[in-house]
Amino acid sequence: MGHIIETHHLSKTYGSQSAVDELSFTVEEGEIFGFLGPNGSGKTTTLLMLLGLTEPTSGWARVSGYNPTREAIKVKRIVGYIPESIGFYDDMNARENLRFIARLNNIADSASALKIEEALEGVGLKEEAEKKLGAYSRGMRQRLGIAEILIKEPRIAFLDEPTLGLDPEGTIRIIDYIQSLSRDKDMTILLSSHDLKQVQKLSHRIGIMINGRMIAVGPIETLAKERLGIDDKEISLDEVYMKYFQEGPL
Amino acid sequence: MSGIGTIVRKELADHFSSYRFIILFALIAMVSLITTYMVGIGLREELGSVAKPKFVFLMLFTSTGPLFSLVQFVAFFGPLIGLILGFDSINRERSSGTLSKLASQPIYRDAIINGKFLAGVVTISLMLLCILLVVSGLGLRLIGVVPGLEELWRIIVYLVISIFYISFWLGISILLSILFRGIATSALATLAIWIFFSFFVSMGASVVADAMVPSKEDPELFMKHIRIQRIVSLISPMQHYNDSTAVIISPMRKTTGPLVLMGPLERLSSERFKRPLALSESIYVVIPHIITLIAITFICFGVSYAVFMRQEIRSI
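Just so you know, the sequences run in chain order A and B. As numbered in my numbering, residues 1 to 250 make up the first sequence, in order. As numbered in my numbering, residues 1 to 316 make up the second sequence, in order.
These are calculated hints, taken from the structure and not from any lab test. Check the hints yourself; a few may be wrong.
With a cut-off of at most 16 Å between alpha-carbon atoms, the simulated EDC-like pairs for lysine to aspartate or glutamate come out as follows [said to hold, decoys possible]:
id: 1; chain 1: A; residue 1: LYS197; chain 2: A; residue 2: ASP167
id: 2; chain 1: A; residue 1: LYS225; chain 2: A; residue 2: ASP238
id: 3; chain 1: A; residue 1: LYS132; chain 2: B; residue 2: ASP218
id: 4; chain 1: B; residue 1: LYS10; chain 2: A; residue 2: GLU31
id: 5; chain 1: A; residue 1: LYS197; chain 2: A; residue 2: GLU221
id: 6; chain 1: B; residue 1: LYS10; chain 2: A; residue 2: ASP90
id: 7; chain 1: A; residue 1: LYS201; chain 2: A; residue 2: GLU31
id: 8; chain 1: B; residue 1: LYS10; chain 2: A; residue 2: ASP91
id: 9; chain 1: B; residue 1: LYS10; chain 2: A; residue 2: ASP109
Non-contacting residues of chain B with respect to chain A, defined by C-beta distances greater than 10 Å in every case (computed) [unchecked claim]:
id: 10; residue: ILE28
id: 11; residue: PHE76
id: 12; residue: ILE107
id: 13; residue: SER125
id: 14; residue: ALA211
id: 15; residue: GLU281
id: 16; residue: ALA295
All C-beta atoms, glycine included, are put in the ideal place defined by N, C-alpha and C.
Make a model of the complete structure from these sequences and hints.
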């Protein structure tokens, strides 16, 4: 087990505003890493830099040993990304959307046909596969996003707010899928979310970002012990997070 | 390369199944057919009694019927094809969130813009080819003359120039769709540019010429007036296109300068004793215009490419 993701003093500034500030952290192969932080704290910018979609102002990042800025294609081949508001082509149906993604990933139609059916089955969209995406609800779109990951089968998945705006039932389904991606496909997952309960449920380790800085990294229990002095397996992430959020870094 | 291929395929499917394209195509097909029909009938009546002159088939494209000639129609309306195909190509993807998804797939970023441009050019070429074939077919029936090899080549050269011309406008509209986030904004901007080049440049040209040469009574001054007007109007790609296609499609024309409008019969009698230009000579006459058209098409695409590659994919 090595660091599959590693950043070193990674920074991004937009004009005079600093979005990500000297960020250094690592993610181990096979873990689910929960990315926490208020809106605008630089989580999405970090993900975009790791994907090579945004160039860092300074510092560097490695994803599976590749430099995302220089070897963007290699990185994109092994990383699946579901952005916060995932986009699909509204005038195509679910199957066509997935086939398009498969083709972009160099998967021939003959090979992808079966995969697409399996993925649709897996996320419970088989019945709606012929519907145009324009008629899809938010929950269905997020599930189709998971189906995209199932087809691409990347080694690493970046999920940016995968359950934002979903109803409780939809949220639970997405959490199940994320768990099975990690368990059955051995994917490394970087999960950014505001829903602390699900982050706690899913993540092996969490990182808390505020104003572009990572102020704490580690398993929840460790963080709780460090800051709250409580050694309790049942401690809720809400308490830990609020403590860090109010007091900032030590 | 698989990235470009996939994107071109998808864009072509989008173009050909969109109502936008169908309406546009129907409109153009209708106008060209009606124009050709009227021109063809007119030609048949006027030329029925005289021996068939050379290059009568090309007159189908250049003769102004009651409205306008086919060449004029393409010059005026062609830009709209390019603009309508491209004005929302990038910003629609951006606003629907598909651009960041496309960019996060293992394809080079330029595959996105190259694919879109290429699909547009293929669409334009197919559209023009269809129209020319249908028009030629109708023309064949109406005037009953099979075009000679020379005429065929001239039509092909005309087709190629037209494709570049319309692709230039496609490039403009893709550039605007990169620069403007709002789809309505880029649509308005493309329309504004089209109107500017098609109406205001020619108006502006005569205003400038009037200002520089106020009196036109002296024939020499009159010629100077016309020269200034032409030079100013050359800032419009439409003028370059008009000049080059006029010479390519009518072998009798030896300059791109102004000429007096005549009916087909008058034209024939005046041209009876002139030697027509060979195609290579015609091309030679207008090569500056053709090169200009090709160059601005590439420049326009190059600028879009550069801007797109530098732009942040993220929609903030």
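Evaluated hints:
no.	hint	verdict
1	A:LYS197 / A:ASP167	15 Å, holds
2	A:LYS225 / A:ASP238	14 Å, holds
3	A:LYS132 / B:ASP218	69 Å, violated
4	B:LYS10 / A:GLU31	36 Å, violated
5	A:LYS197 / A:GLU221	14 Å, holds
6	B:LYS10 / A:ASP90	13 Å, holds
7	A:LYS201 / A:GLU31	13 Å, holds
8	B:LYS10 / A:ASP91	12 Å, holds
9	B:LYS10 / A:ASP109	14 Å, holds
10	ILE28	23 Å, holds
11	PHE76	31 Å, holds
12	ILE107	6 Å, violated
13	SER125	24 Å, holds
14	ALA211	45 Å, holds
15	GLU281	48 Å, holds
16	ALA295	32 Å, holds
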